[in-house]
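Engineer: Chains A and B, in that order, give the protein sequences. First residue of the first sequence? That's 1350 in my numbering, and the numbers climb one at a time after it. First residue of the second sequence? That's 1350 in my numbering, and the numbers climb one at a time after it.
Keep in mind that the hints were calculated from the coordinates and are not lab data. Hints may contain errors.
Which copy? The list can't say, so a pair holds if one copy fits it or any two copies do.
Result set (DMTMM-like, lysine to aspartate or glutamate): computed pairs, CA atoms no more than 20 Å apart in a straight line [said to hold, decoys possible]: (1) Lys-1490 to Glu-1473; (2) Lys-1428 to Asp-1470; (3) Lys-1548 to Asp-1561; (4) Lys-1370 to Asp-1470; (5) Lys-1601 to Glu-1473; (6) Lys-1484 to Asp-1409; (7) Lys-1548 to Glu-1473; (8) Lys-1370 to Asp-1409.
Number of protein chains: 2
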Amino acid sequence: MNIAVLGAGNVAWHLSKAFIKAGFPVQQVWNRSSGKATELALETGANSITDLSLLSEDIDLVLLALSDEAIPVVAAELKLKPHQLLVHTSGSVGLDAIRSYAVNTGVIYPLQTFSKNVAVDFTEIPVFIEGDSRKTVDQLKQIALHLSPNVFEVTSEQRIKLHISAVFACNFTNYLYAIASELLTSSGLDFEYIKPLIKETAHKALNGNPIDLQTGPAKRNDRQTIEKHLQMLRDNTEWQQLYRAISQNIVKMYSQNDERR
Amino acid sequence: MNIAVLGAGNVAWHLSKAFIKAGFPVQQVWNRSSGKATELALETGANSITDLSLLSEDIDLVLLALSDEAIPVVAAELKLKPHQLLVHTSGSVGLDAIRSYAVNTGVIYPLQTFSKNVAVDFTEIPVFIEGDSRKTVDQLKQIALHLSPNVFEVTSEQRIKLHISAVFACNFTNYLYAIASELLTSSGLDFEYIKPLIKETAHKALNGNPIDLQTGPAKRNDRQTIEKHLQMLRDNTEWQQLYRAISQNIVKMYSQNDERR
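Let's have the full structure, built from the sequences with the hints guiding it.
Structural biologist: Put into structure tokens, the structure is as follows:
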């Protein structure tokens, strides 16, 4: 199987490396900014192409590892042969966005946070696939199983729910860590102090249901502490509003749960 | 050193067990609800007392492991001898709240999330101390070092900042995990799917600065994806508002950072 990767961002990098590791060399890479394509080509041993018309007929799998907006734009520029499978890797773009640009289309969505300089073990990542036909789904499953043993078929709607969940559990969580980090350092305290707590909080969620694991002032509806904290956050309106909103949600969530018991 | 623990919540349980493990038996336990005190007494081999006037003169350290509101109330009911050190364990209550109720007063604040049925390794927990005098601080340091090698002296104001950071990095993070869990299960998806991501997000923060590790649609200011996600969250106004607020904060944070570069 010959692969072309269009895009040169974090997903393109990690997916290319995972394919190579699985024994599928990446033949061609393309990116709107040719500098980044050259970098990825050097890293993967692929050929960097500057023009989409140079996409080789030998390519079997065209991977669109692009931003959500770029996916349909780049797909529309392609002139694929019937044997060439067109696949995007986005959580929030439906299969419909590329369906008309190739005979067979699909999605390979690895659910993980990728940073260029942080190595990931792809075999631990769940990979979600979708295809325009049973045949495509089977084909994508075979391909994806080389990357990870955890391959699941989902609909476009389920995939966007996966992506939103990931935004809450990963992107927004990291933002909360960033707030904690800034709060500590601005008070002459070390971010190190909070690390055992970050570790334990994740560890608990990995071994239980977070809905049963909630702790803290809002869970206890401890108004006095909440008010003290809001008062201390008075110099940062955004953090203060966020503290208030999340606390109100937690109070509401657990008072409802109590009523149900 | 003879210890009495007043309170029977999660902190009282874990702190009692940690003291016993360190070789300091807990002599007496008290709680407003005597049932819970009896339970803790059975667990720790201490005597359960129903009346604060029964606090023994042999007690050297009186630990107030109580809710923030209860700390000054219970402290006011005590009639301590000059040799008895009065200590509370709260993140958000100043030392002043108990200063007038004993000759020597202090704080021992272990920064961790405690659930009754989840064992914790106290030696990994940072313990923050404060005392009414240099002598008390030294004394508390000696005591706390039996619990954990990570003992730090902080002011009341720094301690409340530690607590607020913990609320963001632990309590609010767990709430985001809970949202992810509910989003997934309501779409016929498994919370398991997101666990590698939770693990990796925490792992990255433990090995770097979260401010440099932000990823996701808001970091990229990817309006199209953000709008799609908000649209999908239309049935839950609270989650939708939270998604919007955090995304706006992240967009603002990183556009400011970009300008600074």
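Engineer: None of the hints should be skipped; say for each whether it holds.
Structural biologist: Hint by hint, here is what the structure shows:
1. For the homomeric pair Lys-1490 and Glu-1473, the shortest alpha-carbon distance inside one copy (16 Å) is at most 20 Å, but the shortest distance between copies (43 Å) is not.
2. For the homomeric pair Lys-1428 and Asp-1470, neither the shortest alpha-carbon distance inside one copy (34 Å) nor that between copies (60 Å) is at most 20 Å.
3. Taking the shortest alpha-carbon separations for Lys-1548 and Asp-1561, both the intra-copy value of 18 Å and the inter-copy value of 19 Å come in at or below 20 Å.
4. Proximity of Lys-1370 and Asp-1470 under a CA criterion of 20 Å is satisfied intra-copy only: 11 Å inside one chain copy versus 38 Å between copies.
5. Taking the closest pair of Cα atoms, Lys-1601 and Glu-1473 never come within 20 Å of each other, the shortest separation being 35 Å inside a single copy and 33 Å across copies.
6. In this assembly of identical chains, Lys-1484 and Asp-1409 lie within 20 Å of each other by CA distance solely inside one copy; the values are 15 Å within and 75 Å between copies.
7. When the C-alpha separation of Lys-1548 and Glu-1473 is checked against a cutoff of 20 Å, the pair qualifies both within a copy, at 19 Å, and between copies, at 11 Å.
8. With identical chains, the CA atoms of Lys-1370 and Asp-1409 are at most 20 Å apart within one copy only, with a shortest distance of 18 Å there and 63 Å across copies.
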